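Under mature numbering (1 follows the signal peptide of the UniProt record, and there is no 0), residues -19 to -1, 1 to 215 are what the sequence shown spells out, in order.
Within a straight-line C-alpha distance of at most 20 Å, the following computed PhoX-like cross-link-like pairs (lysine-lysine) qualify: (1) 103 with 37; (2) 188 with 54; (3) 103 with 203; (4) 188 with 103; (5) 188 with 37; (6) 139 with 203; (7) 103 with 54; (8) 37 with 203; (9) 203 with 54; (10) 139 with 54; (11) 103 with 139; (12) 188 with 139; (13) 37 with 54; (14) 139 with 37; (15) 188 with 203.
Calculated directly from the structure, the hints in this document are not laboratory data. The structure presented is a predicted model; accordingly, all values stated were derived computationally and were not measured.
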Amino acid sequence: MKFSIYATLLASIAAPALAANNSPIHYSAADDAPYEDAMVNHAYLILGIANNMIEKHNLSIEDESDVTNYPTKIDDAIAFKLGLGYELPTHPSIATELTANYQTEADISLTNSTDEINSGIKSISLIYDIKWDLSSALNQDWFIHPYLGLGAGYSWNKLSDLSDGDNSINFKDQNSSFAWHAVAGAKYFINNNIALDLSYSYNDYGKAEGSVDGSTVSYDYKFEQVALAMNIHF
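Build out the structure end to end from the sequences listed, making use of the hints.
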């Protein structure tokens, strides 16, 4: 439900640009205008929203002598994307992207406790991607442009305080971690300036960790993501 609301907002942002130019773009080398002429503006702005489906793992509490694992359940979370991309003029099938991503808090509940104990995960990440457009690579003028990609970067992860409703434990020394993902998706060029990008990715953001009273609390932070983005060429 939340994802559909944000998708509607994204479409409303695109509406003025769509009205300005409605001629579709073609990548095929057989076209009268080659790729380099048809797509003069290789740089583009990325605006996107996503649904993060976070894997269920144990919440681990480690001290000097022991590690205790608590089974959990965890909700999905909405994420927002803002970035810049560039399609290489000499290799139009290859694009590079740098995106900043913000994930809203995903609620975590411990399931083996008589009390209702809750926490959460949120993050800010900076990811650099290399993407390979299959239609351009194969010199095909397809209706959509499927692609594959790999990305890596850094994620600043934050565990919310543990709380049972009456009391809470405040974490300190929140961590950052190497992050990577693999992505597959497809772009549809509405006109020469605007493309819609629908993608699926598997993401590994390391661990979300916090410390309290000499103990370290951690959660393996891995998730699947379905994202909708708008690429605005300029």
